[in-house]
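From just these sequences and the hints, can you work out the full model?
Protein chains: 2
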Amino acid sequence: MGIEKYNQDENSEYIYEPQILQKLDFSKSPAKFNPQISAAQPGEDWMVVRPLQRDDYNKGFLQLLSQLTSTGNISRKQFDERFTQMKNAGGYYVTVIEDKRISQIIGAATLTIEQKFIHNCSVRGRLEDVVVNDTYRGKQLGKLIVVTVSLLAQELGCYKMSLDCKDKLIKFYESLGYKLEPGNSNAMNMRFEEPS
Amino acid sequence: MGIEKYNQDENSEYIYEPQILQKLDFSKSPAKFNPQISAAQPGEDWMVVRPLQRDDYNKGFLQLLSQLTSTGNISRKQFDERFTQMKNAGGYYVTVIEDKRISQIIGAATLTIEQKFIHNCSVRGRLEDVVVNDTYRGKQLGKLIVVTVSLLAQELGCYKMSLDCKDKLIKFYESLGYKLEPGNSNAMNMRFEEPS
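Protein chains in written order, with our numbering: chain A, 1 to 196; chain B, 1 to 196.
One thing to keep in mind: the hints can contain errors.
Which copy? The list can't say, so a pair holds if one copy fits it or any two copies do.
To be verified - Computed list of lysine-lysine pairs in DSBU-like fashion (alpha-carbon distance at most 30 Å, straight line): (1) K166 x K179; (2) K100 x K23; (3) K168 x K179; (4) K87 x K168; (5) K100 x K28.
Simulated from the structure, these hints should not be mistaken for laboratory data. Keep in mind the model is a prediction, meaning the values are calculated, not measured.
The following block contains the structure:
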């Protein structure tokens, strides 16, 4: 079977409903864009901001992720299973930017939604796995993808959105509205094995 | 209907299968216990470490959480819906310590499992909503519940376990094996509204 079993409809299947991205109000973000762009109007007619699709396996999504960290050698079957698991679980808002001229993913970020009992059974968002193709400088892609999923978290009712980052990225995220909260901004990790 | 609709079997329903807690090997943790205890042998015969159950709504689980942060006024129906949503989504390892003499929850911590594409479609753990009843001093409850869910993350195949914490808790978590990674230990937040 392999790739052949995926017909056009299955390939274009989204991991979440794309309509929600069209109604995000970028004027609510403290981020400054120049020129002003948004998920609905990303600034170039060959660029689109949308949820991950099954066919992004064939559009360089994993190759882009591998610029961020190791991905290993993920087969179509593995990708497809994880896509299905994430979609069934709900709460995985994997979001990408595609260059439609060449059918390649050039930016990605994931919002995960964590269900809580606290705060009246609220939900919390997390920003994960942000990466942009650095040959597209000057297109504000990093800002565009992060603000998109941050506004999405708000739209979905999160009481807060959280991220962990390296020192060199603090200023970037501060410009988008994220804060290091005094006395409460420590990200700690325990690592169990070398990632593959 | 209300509470009456929950029969004994439904009330004792676990949010995840409890057997896995019995096989956690506490000698793998760098945490030092004195005396040595574990999830299977928590040190007192009236104490049990187990997954959250539906009936914990009636055993002070939410009252305990409210010692950590605001919970709002959660009805039985809301609790039940969130319990079901978490169980259906998978990945919510809400774990508690009960004092069986008084049928009250005296400690809690949650491991959430986040599915990834990176690292060969791996999974990452997060430690959330840790709270212990501080009238049980000297029972090592904080250490017990955190080590339990940390070993659980490893058992479930996570490549790492992460947490965000206040400055005053850094030493405690370091003693359990968590590290502030140099240059990469910043937890940032964007808050959207006052939590209820």
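### Query
Any hints this thing doesn't respect? Which numbers, in order?
4
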